[in-house]
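Q: Next come the chains, spelled out residue by residue.
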Amino acid sequence: MNTYDLVIIGGGPAGLAAAASAKENGIEHILILERDKELGGILNQCIHNGFGLHTFKEELTGPEYASRFIKKVKNLQIPYKLNTMVMDVSPDKTVTAMNRTDGMFQIQAKAIILAMGCRERARGALNIPGYRPAGIFSAGTAQRLVNIEGYMPGKEVVILGSGDIGLIMARRMTLEGAKVKVVAELMPYSGGLKRNIVQCLNDFDIPLKLSHTVVDIEGKKRVEAVTIAEVGPDKKPIPGTEERYTCDTLLLSCGLIPENELSKNAGILLNPVTSGPVVSDNLETNIEGIFACGNVLHVHDVVDYVSEEAASAGKNAASYIKNGKKNSKKTVTIYPTDGVRYTVPSSIHPEEMADSLTVRFRVGDVYKNCTIATYFDNELISKKKRPVMAPGEMEEIRLEKDILNSYPHLSTITIKIEEA
Amino acid sequence: MEKKELTCIGCPLGCSITVTLEQGEVTNVTGNTCKRGDIYARKEVTNPTRIVTSSVKVTGGTSAMVSVKTKEDIPKSKIFDCTAALKDVTVTAPVKIGDIILENAAGTGIPFIATKNVDAAG
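Sequence order for the protein chains is A and B. Take 232 as the starting number for the first sequence in the working numbering and just add one per residue. Take 231 as the starting number for the second sequence in the working numbering and just add one per residue.
Looking at chain B on its own, in the form it has when it is part of the complex (with noise of 0.2 Å):
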């Protein structure tokens, strides 16, 4: 049997969770507070995933940059080859919250969504 203290990374609250695992197994979550803080132990322990997000160049816009994100959290292990991926994207304004900027980033599978308006120039 073996134990891993986490700390929850859901939401601001932090909870100190126990992940119990028996030959690579988990057997026991405690500590968690929500439906949340099991799902992130879980995950946490076998195969870690993080949102990951950035910004990106934008040509002809209000703004010089738009932020972007993962639609949805890719491995852990993915995070440097997902933000390297963005390194030569450039989009043309407008760009609406929830356009996607790159499709399948790093092979993941998940593209990289915008997170702001950015209405063009002028």
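This is chain A alone, in the form it adopts within the complex (with noise of 0.2 Å):
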């Protein structure tokens, strides 16, 4: 069995930092293992601009992004293998992967970063009365057609979701002649960046209903109308707002969902919230010398923080594989509540963490001039106020180590959203 100091799941934006930081950690045998024929994962779809200005203080396309870190693992030499399908990951960190050349293949890895990125959810998974034509899709394997395969799957679009994917294909798909009529969000906001709203919609015009969800689909062979109608505070439809639109196709962005089989499959412990692994403030798992990072972990909206993230679960990996692990004696666990869904990390070793830590959640509703506030225990420690957060948008506070340790006795550091 060949073995490997690093073996990272994923050659995307996640796999691309961690490696790069691992290897400039000091980690010297390192392997990337990617299913798709090309490093850059997802990036390389996103043909739009708005990536980088926060790493590179520019604005760049998901291409040029990708190109970046991969530019960066190639002149660091770092090997990967594309068109490989990793099939298990065991927990004593035996991997076990496929490719044509190869055959069937086992790694033994020091450790491990999971970087598998995630996944859209599909129709099946929505529940959505019809029947079930040709013509539906979901946003990304539009993007992947329109973008990389060229081709154009249809020309009077309806979309139901408002994700960040969907607003970009409603541009996308406008720009390539086709007629975008309506998106359609089952929630009372818009499940993507607000930014998009202005660009991808407001610009051409496409009209947005909230709390509007299909109904109906018709058409055997081919989508030939889609019906929406409102829904109430309960999600259910109100009879009477029906509204159909004759359309040919129906692109569904409802959603990102981590893809942690391999994961759960190892006995890596999920957060149902986020469906991503539980992790401490060094990004490992319940599994001792496994780590994960990027959209594996938890949906980010910017890449950016992707790569910010990947690169310390590199740095952590690399500490890890030099050191052995570290006997944590305190554990402080982060307890989200009011408004804040989750965590990450969601459990931080005091004595070890970083100087300074970023944690990062997601709110549940939308909150107009509100503050995040942090407990230690019982005593209020920070309060940072925010005009206004979305579950679309992801939020952030900064632990000090400094701070955290004059604190000797503490056990949980809870995180709500409180009221100016």
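Hints may contain errors.
[What the hints assert, rightly or not] Computed list of lysine-lysine pairs in BS3-like fashion (alpha-carbon distance at most 30 Å, straight line):
(1) K410(A) - K308(B)
(2) K412(A) - K287(B)
(3) K326(B) - K288(A)
(4) K233(B) - K440(A)
(5) K412(A) - K234(B)
[To be verified] For the chain B half of the interface with chain A, some residues (derived, Cβ under 8 Å), not all of them:
(6) T237
(7) I239
(8) P242
(9) R280
(10) S293
I should point out that these hints are in silico values taken from the structure, not numbers from a laboratory. For glycine and all other residues, C-beta sits at the position ideal for the given N, C-alpha and C.
Dock chain to chain to rebuild the complex, using the hints, since each chain is given by itself in its own frame.
A: This is the structure we're talking about:
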């Protein structure tokens, strides 16, 4: 069996940044396993601009952002295998994978970084009534068809869900000559970034109908029409509000789910809110030496933060490979409540934590003029004012090591939303 | 005096910006959290612009398509003209990031450039 210090599963933005960081932190024997025919992951089909302002101080397209990290990984001479599917990860860190050149093979790793990304919620998970004709695509599939394969999925389009990919595809399909008739969103707010509402819908006068869902799909061979209806507070359609749109295509942009089949089989504990692994401040899962970062951990809206998180995972894995497991005497639990749905990480080892730790989370509703309050046990430590918070936009707070360690008996950090 | 409410598209923060105009001249910009927001707001109420991204066919390459963008932002009113100008463009691999794909897109004076490396096949 081949042995490596570090195996990284996934060669998208998370895997690339994690690999580069591990190498820069002194790890020599690294292998990236990627199932696609090229590195870069989903960024390759995200041809729109708006990436990298945080990292590179310039506005890049997805492929350009990916190319910066691909170049870095190539310059650092980190080996990678393409067209390679990982079949299994075991708790003792044996990775089983296969490709057409090597067949089935196993690798023993000292540490593993999970960077598999996420996938789209499909029609089967949405319980949409109606026929099952051709012409129903996830927004990401349509994005791949248009931008990479060079095919147009349809001419008259209805989009269900206002996630960022749906918004981006509303613009993309319009620019390629399609008529996007409406974007329907079940929730009373959009799941996408505000900037995408402006530049993808408003710029092209595409209506966004909040609190609406699809109640019927017509057509036996190909989609012929889609009926949407308004929903009440119980998310159930209100009779009499139906509107029928003739169209040949329905795109679904109804959420992303971390892709954790491998993690589950390895016995990694998952957080039911994020569907990603539960991790401590060093991004390590409940299995020693297995780390997670990027969209497999929790779905991000900004790739810059994926790269940042992945670089930490790479650094922490490097430290584990060189020094073994740290014997943490103390663990502080982070408790999300009152509008804070989850946090990553969900626990902290105050003695070993980084000098400054970013805790990321999402809120469960739209909040205006509120504050993010942080409590050390029962003592209010900080308040961060936020004019607007929404589920579609990730929030963060920073925790400083020296402040945490000045509370020797600290057991729980509570993060919640309070009125300003 | 006229006030316009905008959402900045400069970065994912999406700041809510208020622009005050007097006789078509911008007199005040508030709500932005960086210089980019100020520039965006002033442009948006006088001469709105956008970067246009698309993809064009490649022959002899490892991919069927190569992604492209306007090298700089172009007037918002020219977005459709710019994408239409790409309709019949085909390039031959290899293509490198930054290669000019189409000069002077729709008379804007701005070229479309490649945003992805596509190697020659084989």
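Q: Hint compliance check: list the failing hint numbers for this structure, sorted ascending.
A: none
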